[in-house]
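*Asks:* Listed below are the residues making up each chain.
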Amino acid sequence: MLSVDCLLQPIDLDSMRAKLADGGCSSSSCGSSAKPGDMDEATWEKIKDHPCYSEEAHHYFARMHVAVAPACNIQCNYCNRKYDCANESRPGVVSEKLTPDEATRKVITVANEVPQLSVLGIAGPGDACYDWAKSKTTFENIASDIPDIKLCISTNGLMLPDRVDELAAMNVDHVTITINMVDPEIGTKIYPWIFYKGKRYTELEASQILHERQMLGLEMLTARGILTKINSVMIPGVNDEHLVEVNKWVKERGAFLHNVMPLISDPAHGTHFGLTGQRGPTAMELKALQDKLDGGAKLMRHCRQCRADAVGLLGEDRGQEFTKDLLPETVTYDSSKREAYREVVARERGDHVAAKQEAIGEVRAADSAGTLLVAVATKGGGRVNVHFGHATEFQVYEAGPKGIVFVGHRKVEQYCEGGFGEDATLDSVIGALDGVELVLCAKIGDCPKDQLAAAGIAVIDAHAHDYIESAISAEYQARYGASEIALTA
Amino acid sequence: MAYKIIASQCTVCGACEFECPNAAIKMKGDMYIIDPAKCTECEGAFDKPQCAEVCPVPKTCVPAK
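Line by line, the protein sequences give chains R and L.
Just add 20 to the spot in the first sequence (first one is 1) and you have this note's numbering.
Just add 9 to the spot in the second sequence (first one is 1) and you have this note's numbering.
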């Protein structure tokens with residue numbers, strides 16, 4: 021059977037072709053579509069290769085952001101425009117700004133090296149719809165060189181209504197709007213000012229204008245069939261309860277996805293919230309809110325709050341390999357790697373979906389009310405394939421009466437550096453895994469395993485390289501399964 | 010009657026460059042500067058100088074005195 025694992029590292033084209041020629045797939049479901057049953061074909065076509073819009077796609081496809089639009093027209097209390105650090109991973113942070121020409125060379129260079137690349141986004145710092153001339157030139161250049169790449173834009177929404185027709189004309193079919201409130205009173209605690217039509221507005225008036233423009237922009241995009249993702253920053257005590265209302269409003273206006281992200285706040289970042297001690301939510305608080313929103317606008321739970329110049333699969337960032345000084349003067353797009361990768365993925369994906377559905381069926385069939393929160397160490401391909409000590413994040417799934425649901429991820433400090441694990445780091449990993457009962461990974465040493473067990477977290481490495489859902493199902497059945505399943509297992 | 014940019018505080022976002030109604034702001038080296046010969050402090054065009062209105066850093070676009 022083919023494995024995408026090998027492709028997650030840079031690989032030469034010949035070995036990819038060899039993999040493809042490696043004969044047929046053992047599964048009878050080979051080639052079947054991964055499309056969820058309740059989604060229409062046209063929507064699936066738009067999202068199936070987009071790691072941010074499809075949880076399933078994020079195991080296989082990569083995005084890159086180019087920071088070409090640094091100017092912004094609003095001030096948010098969670099943003100400090102002077103901040104820049106290569107070791108920080110969060111939205112709005114970038115190490116070098118690019119001109120549209122530099123961005124074009126960067127995208128082509130990455131497309132030649134990273135076969136998983138499927139999406140190009142402009143996501144700050146700054147606002148892509150406000151600093152529009154630079155965004156537009158970049159998109160036009162890329163669309164002519166790499167026609168099949170998906171173009172994606174992120175905006176605060178203030179200038180969005182003025183750009184919708186041009187976005188539609190350029191075939192931008194994914195737009196993210198950051199909407200933190202639908203009540204301007206709450207907006208005053210988040211936005212100190214906006215700049216609109218030659219004037220700086222403050223207080224209630226600022227939030228009132230922003231709110232109206234955001235809703236108008238969203239409605240216009242929906243009317244044109246452009247998929248929208250709404251990002252909301254969850255700020256405890258400011259808008260956390262209110263996000264239920266936001267979810268309702270954006271669902272009514274046709275939003276495709278709602279992504280609730282935890283506030284990142286640290287005095288060292290120099291943001292207003294950081295300096296005034298406004299805290300971000302805990303992982304369990306975020307999950308509680310997301311669970312409350314379940315049933316409203318569909319939630320995105322696999323967001324990694326990546327940097328504005330991120331390159332690679334979600335959860336990894338290869339941006340440092342493609343800095344400005346490393347870009348060639350001239351570069352020509354070579355489509356062969358990306359095409360070969362797509363072929364391999366198409367096969368592997370059908371197989372994964374069949375295995376996933378079978379696993380979910382098994383968990384439901386166990387007919388138990390028990391739930392199990394599982395953290396998985398994975399580097400993509402939908403498999404349990406990372407050593408415990410090498411994981412920088414865990415993907416968290418919940419198994420229970422609803423089947424197996426992806427609920428989010430937890431970032432951790434890498435426990436094992438150079439082969440030596442540190443006790444202090446392990447404590448922080450245990451803290452980050454709050455609420456998790458079981459960890460699945462490719463391998464773990466006895467010592468950390470015992471310490472996690474002492475903290476009430478079981479770690480199992482028997483499912484190395486299996487599909488995530490299959491591994492979870494086996495463990496769920498072992499705990500909650502009916503007796504006859506246990507007997508035949 | 011002209012504004013200037015305090016270089017040490019500027020984030021080089023460029024918002025002032027395209028908001029300036031007089032095309033008085035240009036990139037020079039790796040920093041934006043205001044040409045005092047072209048700057049009118051937006052008098053007659055806007056209530057307040059556009060560079061200072063849009064600038065994300067307080068007290069960075071200021072009167073050149």
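I should point out that these hints are in silico values taken from the structure, not numbers from a laboratory.
Source: prediction; values computed, not measured.
Think of the CB as a built atom: it goes at the ideal place given N, C-alpha and C, for glycine as much as any other residue.
You may find that some hints are simply not true.
[As the list claims (entries may be wrong)] Selected chain R positions facing chain L (Cβ under 7 Å, derived; list incomplete):
id, residue
1, A91
2, P212
3, F215
4, K217
5, R220
6, K399
*Asks:* Each hint needs a verdict: does it hold in this structure or not?
*Replies:* Here is what the structure says about each hint:
no.: 1; hint: A91; result: holds, 4 Å
no.: 2; hint: P212; result: violated, 10 Å
no.: 3; hint: F215; result: holds, 5 Å
no.: 4; hint: K217; result: violated, 10 Å
no.: 5; hint: R220; result: holds, 4 Å
no.: 6; hint: K399; result: violated, 35 Å
Hint compliance for this structure: hints 2, 4, 6 are not met, and every other hint is.
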